[in-house]
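Enquirer: Spelled out from the first residue to the last, the chains are:
2 protein chains.
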Amino acid sequence: MSIRARPEAVSEAATHRLSLLLRCLKTLEAERATTTSSRELAERFGLNSAQIRKDLAQFGDFGIRGVGYRVGELRDRLRTVLGLDRTHRLVIVGAGNLGVALADSRNFNGDTFKVVALFDVDGRKIGGKSRTGIPIRDATDLPRIARESEAEIGILAVPVEAAPEAAARLIEAGIQAILNFAPIALGPMPPAVVKNVDLTLFLESLSFQLAGRG
Amino acid sequence: MSIRARPEAVSEAATHRLSLLLRCLKTLEAERATTTSSRELAERFGLNSAQIRKDLAQFGDFGIRGVGYRVGELRDRLRTVLGLDRTHRLVIVGAGNLGVALADSRNFNGDTFKVVALFDVDGRKIGGKSRTGIPIRDATDLPRIARESEAEIGILAVPVEAAPEAAARLIEAGIQAILNFAPIALGPMPPAVVKNVDLTLFLESLSFQLAGRG
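Residue numbers (our numbering), protein chains in the order written: chain A, 34 to 247; chain B, 34 to 247.
Because the hints were derived from the structure by calculation, they are not lab data.
Quantities reported herein were computed from a predicted structural model and do not represent experimental measurements.
Worth double-checking, as some hints may not be accurate.
Note that the list lumps identical chains together, so a pair holds whenever it fits in one copy or between two copies.
Claimed, not checked - Taking lysine-lysine and the DSS-like style, the derived pairs with C-alpha atoms no more than 30 Å apart in a straight line are:
no. : residue 1 : residue 2
1   : Lys228    : Lys147
2   : Lys147    : Lys158
3   : Lys158    : Lys59
4   : Lys158    : Lys228
5   : Lys147    : Lys59
6   : Lys162    : Lys59
7   : Lys87     : Lys59
8   : Lys162    : Lys228
9   : Lys87     : Lys158
Starting from the given sequences, assemble the full structure and let the hints guide the process.
Expert: Given below as C-alpha cells:
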C-alpha cells in the first residue's frame with residue numbers, strides 16, 4: 034500500500050520538515066485533537082500546506098478524504114518513516130562541554146535516543162559522570178562498549194585535529210551513522226552515514242544577513 | 034560593477050556553500066597558491082564546479098578569463114559578501130554546558146566573532162568565567178552590557194521554556210540577529226534575524242537514513 038521513498042532520494046530539508054511536522058502533531062495530540070488538515074497545520078504552525086501534502090505523498094497515502102489526517106495515525110506513521118519508533122543507542126566521543134551538553138540534553142538522551150557513554154582520552158575525566166549520570170569512559174574501550182551496547186550512532190564532539198581518527202574508530206566499532214560537530218567536513222565513509230554539523234556556518238549565515246543591511 | 038544579491042533572496046544552503054568555498058580558498062592560500070579554477074576547487078574539495086560559478090555569479094563577476102580566480106582576491110570578496118571582513122560581537126544567554134562550549138570555541142570567539150559575555154540567572158554561576166576567560170554575567174545586566182559593547186548577535190543556549198522570553202530580551206537590548214539552540218522554533222522577530230538550530234533534527238535525519246536500511 035504505502036510507497037516508501039528511498040532515504041537517499043529525500044533531501045535533508047525534507048526530513049527536517051517531517052520532523053517538524055511530527056512535533057506539530059504531538060502538540061495537537063496533547064490538546065486531544067483527533068483530526069487535522071494540511072490547512073490547519075499551515076495556519077497554526079506556519080507550515081506550507083502544499084509542501085506538507087507533497088512531503089507526505091512521498092511515503093504513501095496518508096490523507097482521508099473529507100477528514101484530512103487522523104492525528105494519532107499520522108504521528109505513528111511519521112515516527113516509523115523517521116525511524117523514531119524504536120530506540121537508537123548513541124556513543125559520544127569527546128567529554129568536553131559540547132559532548133556533555135549533548136549527553137545531558139533530553140533530546141539526545143531520552144526515549145528514542147539513548148546515550149550509552151561519553152568517551153575521552155583525558156585521564157582526569159575518565160571514570161567520571163555527566164550531571165545526568167552518563168559515564169565517561171576511556172576512548173580505548175570504545176570498540177568493545179559500542180559493540181556490547183549495540184550502539185548505532187556516534188557523535189563526534191572532539192577538537193578538529195582529533196576528528197578524522199575518532200571517526201575511523203567509530204566505523205571500526207561498527208557504528209552506522211556519525212554526527213560530526215568538529216568544524217571539519219568529513220567525507221563519506223560507506224557503509225556508514227556521515228552528517229557534518231558545522232555550527233560556524235549558522236553564524237556566518239547570520240553575518241551574511243547583517244552584511245546586506247549595511 | 035558588482036551586483037549584490039539581496040540577502041533574503043539567497044538560500045541558507047547557498048550561504049553555507051559560500052562559507053565552505055571560503056574555507057577551501059584559505060587552504061589554497063596556506064599552500065601559497067595564487068590562482069585557482071572552479072574545476073580545481075571541484076576536484077580538490079569535492080565541490081560542484083557549475084554550482085560554484087552559479088553561486089559566485091550572484092555577487093558579481095569574480096572570474097578572470099584564462100586564469101580562473103585569483104585566490105586572495107576571491108577570498109577577500111567572499112569575506113566581504115559574508116560580512117566576515119569585520120568583527121561581530123556576540124552575547125550568549127545560558128551558561129550551561131552548551132553556552133560555555135560555544136563561548137570557548139575558537140570559531141565562536143576568535144577574530145571575526147567575539148564573545149562579550151555569557152549570561153545566566155543562576156547566582157552560583159554569575160561572577161565566574163569560562164575556561165578561556167569569558168565572564169558569566171547576571172542576565173538582568175544583559176541590556177546594558179549588550180548596548181555598551183555594541184553586540185549584534187545573541188546566542189540562545191537556554192532550556193526550551195526560557196527561550197521565548199530570553200529572545201524578547203535580546204531584541205529589547207538591540208540585538209539584530211539571534212541564533213537559537215533551544216529546541217523550539219522561534220518565529221520571525223523583525224527587524225531582527227532569527228535562525229533556529231535544532232540539533233535534534235540532525236539526529237532524526239540520521240535515524241531516517243538508518244530506517245531506510247531495515
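Enquirer: Looking back at the numbered hints, which does the structure fail to meet, lowest number first?
Expert: 3, 6, 9
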